[in-house]
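J.: Taken in sequence, the protein lines are chains C and A. For the first sequence, the residue numbers in the numbering used here are 1 to 431. For the second sequence, the residue numbers in the numbering used here are 1 to 431.
Incorrect hints may appear among the rest.
Unchecked claim - From the structure, some residues in chain A lie toward chain C, with a derived Cβ separation under 8 Å:
id : residue
1  : A81
2  : S258
3  : Q275
4  : A401
Treat the hints as calculated values from the structure; they're not laboratory data. All residues carry an ideal CB built from backbone N, CA and C; glycine is no exception.
There are 2 protein chains.
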Amino acid sequence: MGKVKKLKKKIKKLKKQLKQGHSHASVSPLAPRGGFPDLPVIEGVEFAAIEAGVRYSGRTDVMLARLCPGTAVAGVFTKSATRSAPVLDCQAKIGGDPSAGAAIVVNSGNANAFTGQSGVDAVAGITAAVADVLDLPQNRVFSASTGVIGEPLPFDRITVKLADLENGLSPDSIQDAAAAIMTTDTFAKGASAVVQTNSGDIRIAGIAKGSGMIAPDMATMLVYIFTDAKIAQPLLQDMLATLTNKTFNCITVDSDTSTSDSLLLAATGKSSADQITDMNGPFYDALHDVMRDLSHLVVKDGEGATKFVEVRITGAYNDTDAHRVGMAIANSPLVKTAIAGEDPNWGRVVMAVGKSGAMADRDRLSISFGDVLVAENGQVSPDYSEEDAAKHMKGDELLIAVDLGIGTGKATVWTCDLTHGYIEINADYRS
Amino acid sequence: MGKVKKLKKKIKKLKKQLKQGHSHASVSPLAPRGGFPDLPVIEGVEFAAIEAGVRYSGRTDVMLARLCPGTAVAGVFTKSATRSAPVLDCQAKIGGDPSAGAAIVVNSGNANAFTGQSGVDAVAGITAAVADVLDLPQNRVFSASTGVIGEPLPFDRITVKLADLENGLSPDSIQDAAAAIMTTDTFAKGASAVVQTNSGDIRIAGIAKGSGMIAPDMATMLVYIFTDAKIAQPLLQDMLATLTNKTFNCITVDSDTSTSDSLLLAATGKSSADQITDMNGPFYDALHDVMRDLSHLVVKDGEGATKFVEVRITGAYNDTDAHRVGMAIANSPLVKTAIAGEDPNWGRVVMAVGKSGAMADRDRLSISFGDVLVAENGQVSPDYSEEDAAKHMKGDELLIAVDLGIGTGKATVWTCDLTHGYIEINADYRS
Numbered sequence: 001m002g003k004v005k006k007l008k009k010k011i012k013k014l015k016k017q018l019k020q021g022h023s024h025a026s027v028s029p030l031a032p033r034g035g036f037p038d039l040p041v042i043e044g045v046e047f048a049a050i051e052a053g054v055r056y057s058g059r060t061d062v063m064l065a066r067l068c069p070g071t072a073v074a075g076v077f078t079k080s081a082t083r084s085a086p087v088l089d090c091q092a093k094i095g096g097d098p099s100a101g102a103a104i105v106v107n108s109g110n111a112n113a114f115t116g117q118s119g120v121d122a123v124a125g126i127t128a129a130v131a132d133v134l135d136l137p138q139n140r141v142f143s144a145s146t147g148v149i150g151e152p153l154p155f156d157r158i159t160v161k162l163a164d165l166e167n168g169l170s171p172d173s174i175q176d177a178a179a180a181i182m183t184t185d186t187f188a189k190g191a192s193a194v195v196q197t198n199s200g201d202i203r204i205a206g207i208a209k210g211s212g213m214i215a216p217d218m219a220t221m222l223v224y225i226f227t228d229a230k231i232a233q234p235l236l237q238d239m240l241a242t243l244t245n246k247t248f249n250c251i252t253v254d255s256d257t258s259t260s261d262s263l264l265l266a267a268t269g270k271s272s273a274d275q276i277t278d279m280n281g282p283f284y285d286a287l288h289d290v291m292r293d294l295s296h297l298v299v300k301d302g303e304g305a306t307k308f309v310e311v312r313i314t315g316a317y318n319d320t321d322a323h324r325v326g327m328a329i330a331n332s333p334l335v336k337t338a339i340a341g342e343d344p345n346w347g348r349v350v351m352a353v354g355k356s357g358a359m360a361d362r363d364r365l366s367i368s369f370g371d372v373l374v375a376e377n378g379q380v381s382p383d384y385s386e387e388d389a390a391k392h393m394k395g396d397e398l399l400i401a402v403d404l405g406i407g408t409g410k411a412t413v414w415t416c417d418l419t420h421g422y423i424e425i426n427a428d429y430r431s
Numbered sequence: 001m002g003k004v005k006k007l008k009k010k011i012k013k014l015k016k017q018l019k020q021g022h023s024h025a026s027v028s029p030l031a032p033r034g035g036f037p038d039l040p041v042i043e044g045v046e047f048a049a050i051e052a053g054v055r056y057s058g059r060t061d062v063m064l065a066r067l068c069p070g071t072a073v074a075g076v077f078t079k080s081a082t083r084s085a086p087v088l089d090c091q092a093k094i095g096g097d098p099s100a101g102a103a104i105v106v107n108s109g110n111a112n113a114f115t116g117q118s119g120v121d122a123v124a125g126i127t128a129a130v131a132d133v134l135d136l137p138q139n140r141v142f143s144a145s146t147g148v149i150g151e152p153l154p155f156d157r158i159t160v161k162l163a164d165l166e167n168g169l170s171p172d173s174i175q176d177a178a179a180a181i182m183t184t185d186t187f188a189k190g191a192s193a194v195v196q197t198n199s200g201d202i203r204i205a206g207i208a209k210g211s212g213m214i215a216p217d218m219a220t221m222l223v224y225i226f227t228d229a230k231i232a233q234p235l236l237q238d239m240l241a242t243l244t245n246k247t248f249n250c251i252t253v254d255s256d257t258s259t260s261d262s263l264l265l266a267a268t269g270k271s272s273a274d275q276i277t278d279m280n281g282p283f284y285d286a287l288h289d290v291m292r293d294l295s296h297l298v299v300k301d302g303e304g305a306t307k308f309v310e311v312r313i314t315g316a317y318n319d320t321d322a323h324r325v326g327m328a329i330a331n332s333p334l335v336k337t338a339i340a341g342e343d344p345n346w347g348r349v350v351m352a353v354g355k356s357g358a359m360a361d362r363d364r365l366s367i368s369f370g371d372v373l374v375a376e377n378g379q380v381s382p383d384y385s386e387e388d389a390a391k392h393m394k395g396d397e398l399l400i401a402v403d404l405g406i407g408t409g410k411a412t413v414w415t416c417d418l419t420h421g422y423i424e425i426n427a428d429y430r431s
């Protein structure tokens, strides 16, 4: 029996090794400790979610949101040249007459992308059916699909569920909606803000999905944000576009841009607070916070992620160059694997600066990990302590700061590490 | 004993899983079966290699090549904005007076990149010492360093070995030189060609190193090619630049561009064959073959690689767009992990086309894996057999062909898959 014991011990050890090397946790280690946050109810918005069996079974995979008459809807979308049928349909509908209200319908499991005419037909079928059930004009029904690319969407599985979905609509069900749109996500993502004004509060609540194929370009994965603010659609659209450039367009998990990225922002106008007429102000700031929080949650659920990394660039020739350098660092597989290995490998940061295409002068560059100044003036800092830097790398929220020493351009972007978990998920999952 | 047998079987299985998932083979599975090829001796070139203990121990890490008087030297280098001191020094020396001969000295283990003034001093120290030992002008000594970035190069470890290196110089030692410049490489890389002409044979022999940080931009990792052709330096330089764009600039392992990429081509003029005066002709074609072979060997030794992939783009608006699409596919982590998983995931190919920035029309796109037509006209092909495509993916040399259906632009690029081996190597190795 000594032999059996020994062999069992060996099996235990091997299983542990396998797990450490391979398995991604069922929930990201970077998920917020408190679970899904309490989001404020947004007057004028109701949610429902249901199991339609589009592809998954044993979980919800369709969400429906009903927006009251007068709701302004703003949107930004992927710039991909191969964007999906629902994205094209949604884009065309932004800016329409809000008087009748609106709806958002989203399924997970199938992206309805690269599906030719059948994809266009599916979008038309779904939006017509939702319009019928909710008594809305079809051009006020915004749809989205996320999941596998290239397979025809069995959209009748969705349309047969619409009556049940309508029955389930409730102002309290935003968490169910957040869960129904997940694909490889390991947790549902929500964020909110309340803006206090003299004439009353304004509430903002948003949900997001996204975990891989994350390098948004003027848009993002799937994000839905709701507010009761009174605001005209063109101003809402301006705010959304401006803030997207500072939030979702500054994150990357794997440099790959989805065919389906969509971000909708709906304002019901039900708050008693005064109409918003200026771009800047407390509402803009609060919206910025919500969008930044949601974008960070997407990175924190990056496929296989174990570290959340802020890359802060200063001293660039201009902001565009700063963003370019930040993304080159944030997308570099060598930087991201070094982070996974908790190695303060600033040489790879230098490499990424060099390849970025931005104006850079090797001998003016300085680099810090957290508070530790690693390199300055084109070489390792005389006071550099690798031990201190290595200590910073052991945390799960890291900062890489690079000053290019040339101008006043700056940018901050966010990413995660590249681990065995990413390989594991993507060598198997069909997306 | 039935239990022991069962447990032993389990251990065997777990060990196999661990090995498959984790361990990169000591030699790439894509390495040429026959080992290092027999390369022809190039008259006028001698090689030596030695253990200098720059960083590694128990292996050679410095190579020296002596080139006879009259040797024309052409070179292309990384475009990185943070390129290393030896790269800058080498670039400045290309095109100098060839009458006294020349030398190439290369160390592995330390890249002498981002090392400030000490890096410049190290290059000056090494090239002056080589010039002294070989009785050459210092401006005819080309140096290169590859390995860890940011650590001062202990160049006296190299200079003290120069007398021994000179004593060891031999026309037959090119394989020793190829081995001495390896870093994370798993095999030494060589390729050759012999051009028969009426006036005599012209021989070409080249060596390369490179395995990670591979996305050359107008240049490559470290490559040294030698020929006995009679050819003027300006024409040699033209050929090198043109062919680099068709070979080394068409490969990628991980989208990361080295600070040290250098490619030198030396022509001794010792062949009895007539002077080469035209860009095109058998010598150009043979040089193209050698450069393509070497660039493919670099990909086949890509960190963690288990599949070699040719990405062939046709029907693009122009060649630049075709190259852009090819590199977007070849660099996509999602495409590369799908290949590792032997999954004919053409949806991810569509995604990469979409994000590339090239002109594309989703509904004219067609995609093949090997001979299997997967998608056409913006949707899955009616005759598509996933079984056939999956069979192709099981091979170790794969073809992904994309026709954009727009114009006549075309390009071919080469890459490898993204596996646990890449993560493993780069979460640990300090480069």
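J.: Of all the hints numbered above, which does this structure not satisfy? Sort the numbers upward.
T.: 3 and 4
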